[in-house]
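Peer 1: Here's the letter readout for the chains.
There are 2 protein chains.
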Amino acid sequence: MAGGGGTRLWPASRRKRPKQFLPILPGGQTLLGATVARLLPLVPAERILVVTARSQVGEVERCVPEIPKANIVVEPIGRNTAPCIGLAAVDVMGRDPNGIMAVVPSDQYVTDADTYRQSVARAIAVASSGDICTIGIPARTPETGFGYLERGDQAANGAYALTRFVEKPDAKTAQDYVASGRFVWNSGMFFFAAERILSEIDRHMPALGKILSEIRKNRGETDRLYPDAPSESIDYGVMEKLPAGQVFVELGDFGWNDVGSWSAIGEIRNSDENGNVPTGETVTVDAQNNILYAGEGRVIAAVGVSDLIIVAEGDAVLIMPRSRAQDVREIVKALEKTKRETYL
Amino acid sequence: MAGGGGTRLWPASRRKRPKQFLPILPGGQTLLGATVARLLPLVPAERILVVTARSQVGEVERCVPEIPKANIVVEPIGRNTAPCIGLAAVDVMGRDPNGIMAVVPSDQYVTDADTYRQSVARAIAVASSGDICTIGIPARTPETGFGYLERGDQAANGAYALTRFVEKPDAKTAQDYVASGRFVWNSGMFFFAAERILSEIDRHMPALGKILSEIRKNRGETDRLYPDAPSESIDYGVMEKLPAGQVFVELGDFGWNDVGSWSAIGEIRNSDENGNVPTGETVTVDAQNNILYAGEGRVIAAVGVSDLIIVAEGDAVLIMPRSRAQDVREIVKALEKTKRETYL
Numbered sequence: 001m002a003g004g005g006g007t008r009l010w011p012a013s014r015r016k017r018p019k020q021f022l023p024i025l026p027g028g029q030t031l032l033g034a035t036v037a038r039l040l041p042l043v044p045a046e047r048i049l050v051v052t053a054r055s056q057v058g059e060v061e062r063c064v065p066e067i068p069k070a071n072i073v074v075e076p077i078g079r080n081t082a083p084c085i086g087l088a089a090v091d092v093m094g095r096d097p098n099g100i101m102a103v104v105p106s107d108q109y110v111t112d113a114d115t116y117r118q119s120v121a122r123a124i125a126v127a128s129s130g131d132i133c134t135i136g137i138p139a140r141t142p143e144t145g146f147g148y149l150e151r152g153d154q155a156a157n158g159a160y161a162l163t164r165f166v167e168k169p170d171a172k173t174a175q176d177y178v179a180s181g182r183f184v185w186n187s188g189m190f191f192f193a194a195e196r197i198l199s200e201i202d203r204h205m206p207a208l209g210k211i212l213s214e215i216r217k218n219r220g221e222t223d224r225l226y227p228d229a230p231s232e233s234i235d236y237g238v239m240e241k242l243p244a245g246q247v248f249v250e251l252g253d254f255g256w257n258d259v260g261s262w263s264a265i266g267e268i269r270n271s272d273e274n275g276n277v278p279t280g281e282t283v284t285v286d287a288q289n290n291i292l293y294a295g296e297g298r299v300i301a302a303v304g305v306s307d308l309i310i311v312a313e314g315d316a317v318l319i320m321p322r323s324r325a326q327d328v329r330e331i332v333k334a335l336e337k338t339k340r341e342t343y344l
Numbered sequence: 001m002a003g004g005g006g007t008r009l010w011p012a013s014r015r016k017r018p019k020q021f022l023p024i025l026p027g028g029q030t031l032l033g034a035t036v037a038r039l040l041p042l043v044p045a046e047r048i049l050v051v052t053a054r055s056q057v058g059e060v061e062r063c064v065p066e067i068p069k070a071n072i073v074v075e076p077i078g079r080n081t082a083p084c085i086g087l088a089a090v091d092v093m094g095r096d097p098n099g100i101m102a103v104v105p106s107d108q109y110v111t112d113a114d115t116y117r118q119s120v121a122r123a124i125a126v127a128s129s130g131d132i133c134t135i136g137i138p139a140r141t142p143e144t145g146f147g148y149l150e151r152g153d154q155a156a157n158g159a160y161a162l163t164r165f166v167e168k169p170d171a172k173t174a175q176d177y178v179a180s181g182r183f184v185w186n187s188g189m190f191f192f193a194a195e196r197i198l199s200e201i202d203r204h205m206p207a208l209g210k211i212l213s214e215i216r217k218n219r220g221e222t223d224r225l226y227p228d229a230p231s232e233s234i235d236y237g238v239m240e241k242l243p244a245g246q247v248f249v250e251l252g253d254f255g256w257n258d259v260g261s262w263s264a265i266g267e268i269r270n271s272d273e274n275g276n277v278p279t280g281e282t283v284t285v286d287a288q289n290n291i292l293y294a295g296e297g298r299v300i301a302a303v304g305v306s307d308l309i310i311v312a313e314g315d316a317v318l319i320m321p322r323s324r325a326q327d328v329r330e331i332v333k334a335l336e337k338t339k340r341e342t343y344l
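Chains A and B supply the protein sequences, listed in that same order.
Sequential numbering from 1 applies to the first sequence in the numbering used here.
Sequential numbering from 1 applies to the second sequence in the numbering used here.
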């Protein structure tokens with residue numbers, strides 16, 4: 001899944017160019033490129049589909065030239081993950097009615113690719129036996145920015161029964177979750193047979209099911225039919241509605257990072273001898289522990305500052321302390337409020 | 001004088017677009033525009049000449065459209081102030097052999113325009129009687145970034161005898177200067193008859209005098225002749241060589257600011273209710289006492305930072321504490337050293 005927008009890494013990420021397309025990883029790799037590279041030892045490029053918005057097809061082709069163009073599944077308009085996954089499932093069914101799908105977001109970073117592939121392979125095995133599986137990340141810190149999954153006992157298939165999806169908790173609840181040991185972070189990855197997810201969509205999201213069924217009969221009508229799909233996440237639209245015992249969770253302890261704010265860049269990239277984490281053209285004098293991100297054709301010069309995030313991309317510049325990385329949203333709100341959304 | 005380059009307000013000012021052309025004053029006025037506006041009650045536009053580099057003629061026309069195009073004196077190449085003033089003197093002689101010149105830099109800010117014009121009028125009166133005059137700014141703080149003038153007794157013409165030009169002093173010397181009461185800052189303004197300065201150039205800078213004399217005979221040859229002029233300041237080339245008693249100094253206590261660094265912008269522009277001094281498009285959240293300068297087509301967003309200078313112009317961004325405004329030169333040096341002078 002490489003559609004959607006996002007401004008959490010604003011101004012590098014914009015509504016029209018979200019973070020999966022940015023060269024933020026070491027060596028200038030993109031999150032989308034890294035996601036595909038991480039899966040290639042497990043799944044050949046011919047069997048990797050990338051679902052994206054029409055306006056972002058060019059970015060996808062640029063970031064992952066190894067993916068055949070016929071494997072780029074185009075959403076005429078963004079409609080959240082349930083329609084996106086449904087559209088991909090229709091495509092998979094056309095290729096192989098017994099096809100098993102591994103659905104992974106394209107904007108996550110993983111430190112330990114081997115362990116990642118082992119988790120993915122186990123989840124695919126669960127899906128191959130007809131069940132629905134997800135991957136949960138062992139929750140070691142009480143993050144309030146993630147959804148959580150509560151797991152029950154280990155099942156015969158080796159995975160854990162998933163007993164409950166929970167939304168982003170408050171700080172106190174998150175601490176309880178971590179203390180309990182039964183909660184894991186929801187990675188947003190899902191594994192199932194294409195046929196199974198389409199039948200669950202028929203059951204729990206009949207309006208979407210009807211649209212997908214028509215698209216399945218006539219793929220040429222996608223542009224006309226898809227925009228009527230309800231904008232809904234697969235979590236809320238399907239997963240949370242499945243009876244207990246029908247969804248399983250595999251654990252994935254592979255250094256997962258959802259790159260949800262500029263702080264994450266300080267975690268996934270190496271710092272220089274002064275603790276600065278530079279991307280692009282930068283000049284620093286007496287500056288320590290800053291995250292510096294200069295987009296193409298930009299240079300950032302910093303003198304005598306510490307622990308800042310400094311981003312220059314296109315028409316916009318952002319400066320804030322690393323401790324306030326979440327507050328990009330305050331800027332986004334302020335720009336919306338003052339009718340300057342063109343900067344977003 | 002509106003030629004020259006400068007990077008003290010980098011990255012807003014560049015070698016090719018120095019500070020006199022930037023919209024840094026309240027209301028987006030430029031220093032050149034303000035300089036002309038300040039003189040207009042004293043000198044009509046028809047008698048104001050602007051000397052500038054060929055590459056900057058467009059900037060001059062944009063900043064001071066009230067100046068007749070025939071009054072823009074073009075230097076084929078920058079050669080410091082002595083050739084620049086000489087070239088202007090040749091132009092003045094062609095208009096009026098008895099012409100008196102008031103030579104003023106175009107990149108200085110003045111708070112009290114009335115007092116300024118009174119000082120200029122007194123200096124012009126001194127020049128009209130055949131003498132050479134300058135304006136000194138009462139030195140109240142021991143600045144080390146300015147040259148100083150030592151003044152002697154008051155003369156019959158009402159001005160003070162200028163006894164010595166001194167270069168930028170060290171901190172201790174500057175303190176002694178301020179304590180003595182006899183030293184004033186060298187404003188870089190000069191007043192003399194065109195004929196007088198040409199004859200002093202002939203005497204003290206004969207090579208330049210010869211070139212100017214040829215240009216005077218054939219103005220069409222300026223492009224060929226001028227580049228051979230020695231690159232020298234009028235202070236060093238002529239003024240410091242004149243015998244004591246031949247140069248006079250008028251005092252000018254009119255809120256003079258040479259806009260020598262980004263700190264100056266905090267002095268000449270008003271701050272908002274949070275102490276921020278914004279220019280251009282800016283968004284601030286929990287940010288205090290910052291100087292923010294967003295060039296055309298740029299937006300600066302600052303969250304949770306204080307006492308910083310943040311500048312975005314064209315391809316470059318600068319961030320530093322207000323207390324380190326002088327250290328732009330460290331960045332300039334670093335860019336030169338790393339062969340990235342295209343940013344300067």
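Hints listed in this document are in silico derivations from the structure and should not be mistaken for laboratory results.
Possibly wrong hints are sitting among the right ones.
Just so you know, same-sequence chains aren't split out, so a pair can sit in one copy or run between any two.
To be verified - Heads up, simulated EDC-like pairs for lysine to aspartate or glutamate below, C-alpha to C-alpha not over 20 Å straight-line: (1) K337 <-> E240; (2) K69 <-> E214; (3) K210 <-> D114; (4) K168 <-> D223; (5) K69 <-> E59; (6) K339 <-> E296.
Peer 1: Return the numbers of the hints above that this structure violates; sort them in rising order.
Peer 2: 1, 2, 3, 4
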